[in-house]
Amino acid sequence: MAKYLLLKHYRGAPAPVNDAPMEQWTPEEISAHVQYMRDFAARLKETGEYIDEQAIAPEGAFVRYDGEGRPPVTDGPFAETKDLIAGWMVIDVDSYERAVELAGELSAAPGAGGKPIHEWLELRPFYSEQSCVTE
Amino acid sequence: MDEALLRSLTPGVLAVLVRRGADFAAAEDAVQDALVEAVRVWPADPPRDAKGWLVTAAWRKFLDQARSETARRRRENLVEEEPEPGPAPAADDTLQLYFLCAHPSLTPSSAVALTLRAVGGLTTRQIAQAYLVPEATMAQRISRAKRTVSGVRFDQPGDVATVLRVLYLVFNEGYSGDVDLAAEAIRLTRQLAAAIDHPEVAGLLALMLLHHARRAGRTAPDGSLVPLAEQDRGRWDTRMIAEGVAILQAALARDRLGEFQAQAAIAALHADAPAAEETDWVQIVEWYDELGRLTDNPVVRLNRAVAVGEADGPRAGLAALAELDTSLPRHTAVAAHLHERDGDLATAARLYAEAAQKAPSLAERQHLTRQAARLNALLRG
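If you're matching them up, the sequences are chains A and B in order. Under the working numbering, the first residue of the first sequence carries the number 1, and numbering increases by one thereafter. Under the working numbering, the first residue of the second sequence carries the number 1001, and numbering increases by one thereafter.
Keep in mind the hints are simulated off the structure, nothing from the lab. A couple of the hints might just be wrong.
Said to hold, decoys possible - Here are the simulated distance ranges between beta carbons:
1) B:LEU1362 x A:GLU122: 12 to 22 Å
2) B:ARG1293 x A:GLY113: 18 to 28 Å
3) A:ASP94 x B:THR1326: 45 to 55 Å
Note that CB positions come from ideal geometry on N, CA and C, so glycine has one too.
With the rest of the complex left out, here is chain A (with noise of 0.2 Å):
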């Protein structure tokens, strides 16, 4: 098995396919968007698939250490790229096409008139343990 994070970017990916802001969805559209979402999570709890996911707040800093006795400096919420990640999901499968299958699937998630909104999602295998090799 093996662990992937699934990023899904917002502002800062190519434009998806299907894009509209939420706001301009109707309820009904949010509510399946999320219930899409849910039951995506729910299926990989059963499968034994699922690890951990979290929605992230629009706004944020950068920080760096910028020399002895300085203090750091926040450039602003995602100053030079104007990404925005919205959250994450850590998977743990039994392979690297499992793992773009279910990215896929996450990414049809539907939005504006029902259809798929095509959203990107950065896709991100864990360095794994050190594993431990006997000859």
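Put chain B on the given structure of chain A with help from the hints.
Then chain B, alone, in the frame of chain A:
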């Protein structure tokens, strides 16, 4: 083994040890050891006086610890002067424990953790689960807090207001895992109210009960928020509301008004209304004015603007809102609500979307996004 019984006895036992001069951290360790022994021994040999048993066992553990330390001789002298362990009245000791756990030298989050541990008798794991942090993190926070108060002695009266603030924080944390923090806060406040005769303690207890009574109506089965006006009032716990109102009335009759009593009065007016449109908004505004005199809290003024909007119409509400700092949390959401009631749907939709961006929780964010979506759908016709 009755876990609830153990949990309810723990603070009293701890308090006895601390009163007898045990250092707080050492006393806590001793009580934990005694609990472990109780779990081992009681099923086969249940004690006649559970608390007396625990006090004796914990005191013995504490002595064992104290003897093995470097300040052995001094501590033994201290021990010899002490009376024999035995059952003791709980109320006064436990009260001191409340004051210790809410000591001003602690940060609010440490005070909350220590209160749940020492007064509430919860395990570190339970507290960590309730706050969604790793157990090791919570263990660190608690031992830091114990070190901070370990030199504090009970020689001056504590500050009830600080204790009440800590209990209110516990209540507001909501719940998760196998510990319902709101229910836990009510239990601790009940215990405090039994130990101390103070109208504000009663006020806080009434406030918690009145809020808690409405909890079942606050969320839909899918977890989304249901605003007060749309809640199914049949799902409110009327027995708990009646209890809250009775406690509040007795407190108000004492004529020593404080902010918790005033907040409870507002909650009672909401809970009393058989339907949202029968809410006595005029009286609620009067209570907010009272509350504003007692505290200089901008959130109170924001809530007052909502109440004014209901009592005197949205224009009056917007005028009250215009006097407040726009950076207040939920200011934008309130503005959106008042503009919608005033019929300006386009402005309201824009403000709801903006408020959603600033929402502190996902449920609130989704609720506000839905409000914006609902108005946008109407505007598109």
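These are the hints, each one checked on the structure:
1. At about 20 Å, the beta-carbon gap between B:LEU1362 and A:GLU122 stays in the expected band of 12 to 22 Å.
2. Remark: the range hint 18 to 28 Å for B:ARG1293 to A:GLY113 is contradicted by a beta-carbon distance near 53 Å.
3. Distance hint check: the CB atoms of A:ASP94 and B:THR1326 are about 52 Å apart, consistent with the given range 45 to 55 Å.
Violation of the numbered hints given earlier is confined to hint 2; every other hint is satisfied by the structure.
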